[in-house]
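Participant: Going down the list, the sequences are from chains A and B. Be aware that the first sequence starts at 1, since it is given in the working numbering, and climbs by one per residue. Be aware that the second sequence starts at 1, since it is given in the working numbering, and climbs by one per residue.
Simulated from the structure, these hints should not be mistaken for laboratory data. Treat the numbers as computed from the prediction; the structure is a model and nothing was measured. Incorrect hints may appear among the rest.
Unchecked claim - Derived coverage of chain B by chain A (criterion: at least 3 residues anywhere in the stretch with Cβ under 8 Å from a Cβ of chain A; other residues may be distant): (1) 78-86; (2) 173-183; (3) 229-239; (4) 282-290; (5) 294-300.
Ideal Cβ placement from N, Cα and C applies to all residues, glycine included.
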Amino acid sequence: MTPAVVAARLEPSPPRRRGPAGSRNQRTIAWLMMLPAAVLIITFLIVPIGLTFVLAFTDAKLISPRPAQFIGVDNFVRLFENGTFWASLRNTIIFTIVIVPFQSGLALGLALLVNTKMRGTNFFRTIYFLPLVTSIVVVSMLWLFMYQPNGLINSILARFGIQGPDWLGNPATALLAIILMSAWQAMGLHMVVWLAGLQTIPADLYEAADLDGASKWQQFANVTWPGLRQTRTFILITITIAAFGLFTQVNLMTQGGPLNATTTLVYQAVQTGFRQQQTGYASAISLVFFVLVLIVTLIQRYLTRDKEVR
Amino acid sequence: MTEVIAHVADRTAPAPLEHEAGRTRPPVLRRVVGMAVRIVAALVFGLPLLFMVISSFKPDTQIFADLGGIQAFLPVGALSLDNYTGVFERVPFATFLFNSILISVLTVGLGIIVNSMAAFALARLRFRGQKLALGIILATLIVPFEVMALPLLWEVNLLPNVDSLGFYQGWLDTYQVQIVPFIANAFSIFLFYQYFDSIPKELDEAATVDGAGWFRIYRSIVMPLAGPAVATVAILMFLPAWNQYLWPLMVTQSEAVRPVMVGIDYFKQLNVSWGQIMAYASIITVPILILFIAFQRSFVNSIASSGVKG
Numbered sequence: 001m002t003p004a005v006v007a008a009r010l011e012p013s014p015p016r017r018r019g020p021a022g023s024r025n026q027r028t029i030a031w032l033m034m035l036p037a038a039v040l041i042i043t044f045l046i047v048p049i050g051l052t053f054v055l056a057f058t059d060a061k062l063i064s065p066r067p068a069q070f071i072g073v074d075n076f077v078r079l080f081e082n083g084t085f086w087a088s089l090r091n092t093i094i095f096t097i098v099i100v101p102f103q104s105g106l107a108l109g110l111a112l113l114v115n116t117k118m119r120g121t122n123f124f125r126t127i128y129f130l131p132l133v134t135s136i137v138v139v140s141m142l143w144l145f146m147y148q149p150n151g152l153i154n155s156i157l158a159r160f161g162i163q164g165p166d167w168l169g170n171p172a173t174a175l176l177a178i179i180l181m182s183a184w185q186a187m188g189l190h191m192v193v194w195l196a197g198l199q200t201i202p203a204d205l206y207e208a209a210d211l212d213g214a215s216k217w218q219q220f221a222n223v224t225w226p227g228l229r230q231t232r233t234f235i236l237i238t239i240t241i242a243a244f245g246l247f248t249q250v251n252l253m254t255q256g257g258p259l260n261a262t263t264t265l266v267y268q269a270v271q272t273g274f275r276q277q278q279t280g281y282a283s284a285i286s287l288v289f290f291v292l293v294l295i296v297t298l299i300q301r302y303l304t305r306d307k308e309v310r
Numbered sequence: 001m002t003e004v005i006a007h008v009a010d011r012t013a014p015a016p017l018e019h020e021a022g023r024t025r026p027p028v029l030r031r032v033v034g035m036a037v038r039i040v041a042a043l044v045f046g047l048p049l050l051f052m053v054i055s056s057f058k059p060d061t062q063i064f065a066d067l068g069g070i071q072a073f074l075p076v077g078a079l080s081l082d083n084y085t086g087v088f089e090r091v092p093f094a095t096f097l098f099n100s101i102l103i104s105v106l107t108v109g110l111g112i113i114v115n116s117m118a119a120f121a122l123a124r125l126r127f128r129g130q131k132l133a134l135g136i137i138l139a140t141l142i143v144p145f146e147v148m149a150l151p152l153l154w155e156v157n158l159l160p161n162v163d164s165l166g167f168y169q170g171w172l173d174t175y176q177v178q179i180v181p182f183i184a185n186a187f188s189i190f191l192f193y194q195y196f197d198s199i200p201k202e203l204d205e206a207a208t209v210d211g212a213g214w215f216r217i218y219r220s221i222v223m224p225l226a227g228p229a230v231a232t233v234a235i236l237m238f239l240p241a242w243n244q245y246l247w248p249l250m251v252t253q254s255e256a257v258r259p260v261m262v263g264i265d266y267f268k269q270l271n272v273s274w275g276q277i278m279a280y281a282s283i284i285t286v287p288i289l290i291l292f293i294a295f296q297r298s299f300v301n302s303i304a305s306s307g308v309k310g
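This is chain A alone, in the form it adopts within the complex (with noise of 0.2 Å):
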């Protein structure tokens, strides 16, 4: 969810009667509904955004008997030259570029495939929805294990005379092999709101293009295309700042490796700001990925703004 999203769903709010108590007595009583939620959301949201750009600018560590030292853009020029830096955001930048429309298409599929009238629609939708609701953490164990070099996964594959390669083991395929199955734990999510856009779209539309004889295809293309443009917004923005935050799975399957080849920002942040203690420079990391997750955002403001200028 995006404020350019949510803004958008905010504005058809009808005008605000006053209230029939007296104003005054209805601010008070504002002010203290509001209140638990005010101190939660400061302390525990908006103090640490904060101080994630105080912190990167410190030496601050985890525990240390002596308070932080202000140390200028020293964690920045440190991270910049660090390789394992590198190839974390080079990790976290191929992640996403490839997941985003891999998942996306193929939840896009998923969504068509059930929304017609068929037997046993709900039935599958079932199905297609249960990898969500597991835990990553449970779906990580699970392909760990798949993805062994005699696991599942190898085995099926040799049945059909095929030597499968030691998918987490070998700096080629380990990357390639976390995106498949978190592909696979997500879809689900994105068939179901896919599914959701589709039924926004009003039938008559189609029923007209079946009058004009419109084939399927050219209903998808002038229909259906167009009519999920908010739904497709809404999910690559979603979809790509989930695929950021990329940390369970490199966490329990690759420990970052083989040779750096799966490490992403989380996990490197989680190693110098958990395992090494060294906040400050964590903080630094989070930064950079903050800085992604804004690019992103303001990329998706400006193409959804072309769009309704057209």
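Place chain B on chain A using the hints.
Facilitator: Chain B alone, transformed into the frame defined by chain A:
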């Protein structure tokens, strides 16, 4: 009055997702191909989970022996509960499970109260700074948790704490550090806000004429009408709370407060027993899958509503 409420309840209940488009039936060939693709997709999504549950009843030697064929997915051979008893011997599983349930239930329960109160104030009361407060809450939606996880870790380590021995500093290794930061949730506030905004404000006026105060209106009129919103928020808060991994990995050290997802790490150390891993994965997954299948419509609608509803 009850008539009004019944009418409102009808009107504001989100329409159930009906995916059947109800258009003309596709020709036979397309139906056959469509069905075949659906079945293949169902196997891809369903079989790994079936494999997980089936393998949890088999000894490791048999799991590997069965891999090459269809029996990997069938309950055949020396089935036993040994892996399950092994799980309980190897880790304090009952403690982990209790911790996860406690953390999830408290996060969801407190979250529903805190977020709905804030949303009520934002949607139905008038006060200065209202627009700004809503804007700030929505703006925080784009920041993924992973960005601020490390600064937040640093922050909670400095927060004041109290136990039977007196005051001390640091929230690490407690229950509250796994609950309190996740109670207030910008997206939940937004969902409640959207829902409350759709309930006619005339109800408030009628209630005020009857002498009800604002808190009474919140508790006795608006909340009882907000069942679907409560269900959505409950589901959307429960899944991440139950599935949390990164955060408890960093903030808990002792087994007394660790949740089930972190507990799976214990099985990767020393002599790995895949059967036990599958048993552990099954126990923490199957109850959620059953809940999902039982409340499927609410689950799917909730998750779709986080997409394009509105």
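Participant: Against this structure, judge whether each hint is valid.
Facilitator: Each hint tested on the structure:
1. 78-86: violated (count 0)
2. 173-183: Three-residue rule met by the segment 173-183 of chain B, so holds; n is 4.
3. 229-239: Violated: only 1 residues of the segment 229-239 of chain B have a Cβ under 8 Å from chain A.
4. 282-290: holds (count 4)
5. 294-300: Since three or more residues must qualify, the claim that chain A covers the segment 294-300 of chain B holds, with 3 doing so at under 8 Å.
When held up to the earlier numbered hints, the structure conflicts with 1, 3 and fits the remainder.
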